[in-house]
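Number of protein chains: 2
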Amino acid sequence: MDKILRINMGPDGDPKYTEEPLGDYAGFGGRGLTSAIVSKEVSPLCHPLGEDNKLVIAPGLLSGSTAAMSGRISVGCKSPLTGGIKEANAGGQASQVLARLGYAAIVLEGKPKDDTLYSVFINKDGVTIAPANSLKGLGNYDLVEKMKEAHGEKIACISIGPAGEMKMAAASVACTDMELRPTRHAGRGGVGAVMGAKGVKVIVLDDAGMKMRQPKDPEKFKEANKAWVAGLRKHAITGESLPAYGTNVLTNIINEAGAFPTNNFISGRFDGANNISGETQAETENARGGKGSATHGCHRGCVIRCSGTYYDKDGQFVSKQVEYETIWAHGANCGIDDLDAIAQLDRLDDDFGLDTIEMGATIGVAMEAGIAEFGDAKAAIRLIKEAGKGTDLGRIIGNGAAITGKVFGVERVPVVKGQAMPAYDPRAVQGIGVTYATSTMGADHTAGYSVTANILDVGGTVDPLKPEGQIELARNLQIATAILTDSTGMCLFIAFAILDQPDTFQALVDLIAAFTGQSITANDLTEQGKAILKMERDFNRQAGLTEADDRLPEYFKKEALPPHNVTFQVKDEDLDQVFNW
Amino acid sequence: MDKILRINMGPDGDPKYTEEPLGDYAGFGGRGLTSAIVSKEVSPLCHPLGEDNKLVIAPGLLSGSTAAMSGRISVGCKSPLTGGIKEANAGGQASQVLARLGYAAIVLEGKPKDDTLYSVFINKDGVTIAPANSLKGLGNYDLVEKMKEAHGEKIACISIGPAGEMKMAAASVACTDMELRPTRHAGRGGVGAVMGAKGVKVIVLDDAGMKMRQPKDPEKFKEANKAWVAGLRKHAITGESLPAYGTNVLTNIINEAGAFPTNNFISGRFDGANNISGETQAETENARGGKGSATHGCHRGCVIRCSGTYYDKDGQFVSKQVEYETIWAHGANCGIDDLDAIAQLDRLDDDFGLDTIEMGATIGVAMEAGIAEFGDAKAAIRLIKEAGKGTDLGRIIGNGAAITGKVFGVERVPVVKGQAMPAYDPRAVQGIGVTYATSTMGADHTAGYSVTANILDVGGTVDPLKPEGQIELARNLQIATAILTDSTGMCLFIAFAILDQPDTFQALVDLIAAFTGQSITANDLTEQGKAILKMERDFNRQAGLTEADDRLPEYFKKEALPPHNVTFQVKDEDLDQVFNW
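Taken in sequence, the protein lines are chains A and B.
No gaps in the numbering here: position 113 of the first sequence is 113 in our numbering, and each next residue is one more.
No gaps in the numbering here: position 247 of the second sequence is 247 in our numbering, and each next residue is one more.
Keep in mind the hints are simulated off the structure, nothing from the lab.
Since the structure is predicted, the reported quantities are computational estimates derived from the model, not experimental observations.
Please note that a few of the clues may not be correct.
Chain copies aren't distinguished; within one or between two, either way the pair holds.
Listed below are the simulated SDA-like cross-link pairs for lysine to any residue, each with C-alpha atoms no more than 25 Å apart in a straight line [unchecked claim]:
1. Lys558 with Pro11
2. Lys385 with Ala369
3. Lys378 with Glu527
4. Lys385 with Gln214
5. Lys389 with Ser267
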């Protein structure tokens with residue numbers, strides 16, 4: 001994994017590719033690499049859909065090795081949604097396969113000379129870029145079926161649906177999972193629109209004949225990986241809760257905490273929560289029984305195994321087991337408590353290539369605008385279908401909550417830097433509010449998941465309803481996340497184990513050190529995390545973002561959230577200290 | 001004119017008003033006053049449509065007096081279009097009438113407790129605020145008819161159409177002209193949306209029984225006004241060209257200069273220019289002959305008299321004589337060379353309460369997106385009608401070019417700070433490019449009309465195609481405009497005479513000095529202009545705008561504009577010196 005594949009899409013001639021050594025980028029992986037390339041090579045003032053933007057797809061530093069949980073892939077660019085730098089990452093098989101093919105990154109550059117759509121195929125023999133106009137308009141599901149017909153079943157796909165082709169700012173980049181379904185998405189920030197602007201519909205990866213990536217110190221690596229796996233299995237959340245219920249184990253917990261945003265963030269508690277909880281979902285899946293409904297991993301090498309499969313009443317596949325964020329976005333946030341409808345919305349989003357968080361928040365805003373009633377699942381399905389078709393209304397919806405709020409003159413729009421807030425109300429989880437406000441990515445729970453100490457008593461305990469301690473919490477988690485998960489390829493859920501178990505944290509440090517052959521300490525990694533955040537902040541500053549963009553919308557400071565009747569209390573001047581380490 | 005009328009619309013109870021002396025705001029008028037109030041009283045991070053924004057309506061400092069040309073009124077707020085401070089001004093009768101009623105400003109504050117729409121009536125006996133839900137959805141023309149029925153013909157109206165009620169970011173505030181038609185608009189920046197958010201449909205003004213405002217030094221004032229009028233009549237542009245052809249005298253001049261943006265800024269020359277020029281328009285109007293087609297003023301006290309009336313083939317009134325900016329926006333920029341169609345678009349915009357510049361630019365972007373063909377006048381009319389109706393597509397259009405570009409994934413969108421560029425391509429008039437880039441208002445020709453020295457050889461000559469001299473030109477014009485026209489109530493067109501004729505400039509200084517009774521020099525006025533710009537810049541900075549927002553879209557630096565095949569050459573670091581005086 002020591003090469004960068006650059007594909008210049010035009011406009012001067014047909015697409016052509018070059019390969020080059022990592023050079024100055026050596027040592028970076030995942031988000032560290034995407035942000036390094038974007039901040040060095042992309043003009044902060046360029047149009048996100050123009051030829052000067054670049055789409056960087058980078059496996060994590062440990063991806064393609066036997067390190068457990070190392071299957072996440074990063075997609076970076078200047079974001080059409082936030083106007084700042086963007087890294088969105090996804091699970092699925094693509095990261096491991098791309099890494100084994102020897103690529104630290106694919107960089108899509110330039111812009112096709114016309115509206116030809118292309119496919120890219122990469123295997124041990126090289127890279128093929130071909131016009132693929134017959135794929136135009138295909139949903140991700142049909143697209144992957146066509147790729148299976150053409151290339152067999154041992155592939156992984158990275159693709160966009162119609163939303164990406166239409167360059168919608170909520171368009172995602174899909175990655176196939178272990179069942180070769182396009183269910184794992186680099187969802188946030190419109191990375192799919194940038195792939196669409198580059199004219200690339202799908203990148204098909206086949207690593208047949210390629211080997212697992214080898215650590216520099218195999219003995220130490222093997223030992224560290226053993227301790228690593230043991231640590232993950234030992235922790236209650238990674239060893240029990242997530243495998244049993246998937247991420248949706250959170251619905252009852254967050255609802256109980258009064259932090260489950262309901263009806264476009266009007267309340268923190270949803271009457272219908274029990275109908276859509278992880279427990280109910282597991283029960284439903286088990287009762288319907290289809291093949292593969294037991295929890296499993298989204299990629300090979302996963303030991304947490306929080307994924308599952310959702311079938312309808314007749315045992316027909318609908319979608320992956322719906323993740324917590326989507327259960328919330330399409331559920332509570334729109335007043336919908338119907339699991340079947342939510343699973344259908346999840347499937348539509350995955351098929352059209354749309355970010356489920358952004359879509360749920362957007363429909364919430366549309367409902368506040370009176371386009372539909374809260375709780376109307378049929379209307380929500382219709383709205384997502386409009387987005388997939390690209391009707392006028394669908395174009396609005398597909399461009400996300402901020403645009404939808406502007407178009408319909410809505411004041412209560414839960415976004416930061418133009419990106420919709422995820423499934424935790426920042427008034428009832430003030431630490432995540434600090435992350436939403438200050439993250440370089442716009443509102444993003446994964447950038448610094450303060451829900452840990454605020455709600456789950458993981459990595460300490462910080463009162464979620466008070467401002468005290470939130471800055472430090474969000475700062476430390478943002479630094480750690482930038483390097484330990486987003487750059488290594490590790491799944492975010494390892495955070496629970498490494499925050500609570502010092503020996504598991506050390507196992508991860510050892511794993512990185514043994515893989516790279518360098519004597520790396522926890523302090524070194526902290527410094528790397530800070531360096532990544534600094535690059536991103538610098539890009540954003542040059543792109544025009546300021547302290548004013550590191551704020552929640554004013555109504556979170558004014559409207560008290562039931563049931564705790566609390567407003568967001570963290571002071572502006574304290575928010576400005578998050579990156580002052 | 002020494003009182004501020006504050007109307008608190010709610011939400012705590014029904015609307016109520018208070019009157020207060022100018023206090024700290026004494027000495028400010030027009031834009032100086034709106035920007036002072038907004039920058040002091042409005043939180044830069046508030047939602048533009050929320051209760052914390054304020055809409056300030058302020059006559060110029062000399063409005064209501066006998067000073068010739070002093071009839072412009074300023075409307076200020078935090079802009080829903082730019083996210084920064086906004087002042088848009090309009091001609092018509094409202095300024096003189098409001099000033100004579102004794103008000104330096106009306107400030108609409110708060111937000112109605114429900115969706116009741118209100119009307120405000122002000123005469124010598126006081127202020128009446130009443131629910132007026134029967135006016136909901138009315139176009140400005142029908143609305144004014146109803147006001148005439150209720151209050152007689154000696155009124156002036158300040159109102160919004162359906163676009164303002166729908167809080168569209170391109171919604172204008174209409175003022176009635178001398179014929180009591182709603183043809184004069186504070187168009188830019190969505191001030192109409194803020195009036196809509198305040199729940200005020202119309203402010204009806206009746207100054208019967210009120211007196212002309214009196215200068216402190218009547219003798220000196222009379223003398224200065226005489227010199228002032230003589231100076232305006234003497235200059236070729238204010239004395240001849242504008243009276244003969246109206247503002248549309250510019251079409252042939254700007255087209256000849258290769259600076260007439262055509263088909264969404266793809267070229268600087270329009271084949272159909274002659275069909276829509278001021279000369280052709282005057283010929284057409286004269287041939288059709290209806291009553292009032294001769295040029296006249298938009299307000300009493302005007303000596304330039306560049307207004308006219310446009311009739312259809314059957315002699316029926318269509319709209320005011322269409323202004324140059326609109327001729328361009330709905331004409332060349334959309335590839336349309338049909339005067340009748342353009343007049344119809346002008347009428348629709350005025351009726352719905354939409355900014356014609358923003359609408360023309362938006363339709364150009366929509367045409368680039370493939371929503372309609374360039375040159376298709378019927379499609380353009382249909383699109384504006386959609387905006388008036390508030391269909392999904394209409395909502396997009398009504399929110400302006402930047403939003404339309406985002407929704408349809410268009411890269412070439414001619415905006416700065418989210419506001420559409422007017423009728424001069426910044427590549428072929430580089431001085432106006434500097435104004436577009438750096439104005440506190442977003443792209444705005446009136447903020448520093450460098451077309452003077454760049455094209456018209458007024459106030460000197462600066463080569464329009466080269467970067468040299470443009471910074472100083474745009475800086476000086478922005479300072480002068482902020483105080484000499486935008487704050488005094490003087491029409492911008494006086495600029496031609498005061499730039500070329502030192503004695504006419506001195507007459508204006510004397511007019512201000514005699515009116516206020518203070519010994520004011522040209523230097524004092526320059527300092528006041530700088531102070532206004534500084535207030536506005538400070539507000540914008542706190543609202544999150546930076547140097548990155550003081551830039552043209554990147555494509556103006558990369559795409560050469562025919563026929564001169566020139567790109568925008570002024571360097572970024574030089575743009576940052578505009579306010580470094």
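Going down the list of hints, with the structure as the test:
no., hint, result
1, Lys558 with Pro11, "between (50 Å within a copy, 14 Å between copies)"
2, Lys385 with Ala369, "both (19 Å within a copy, 21 Å between copies)"
3, Lys378 with Glu527, "neither (49 Å within a copy, 61 Å between copies)"
4, Lys385 with Gln214, "neither (45 Å within a copy, 65 Å between copies)"
5, Lys389 with Ser267, "neither (32 Å within a copy, 33 Å between copies)"
Checked against the numbered hints above, the structure breaks hints 3, 4, 5 and satisfies the rest.
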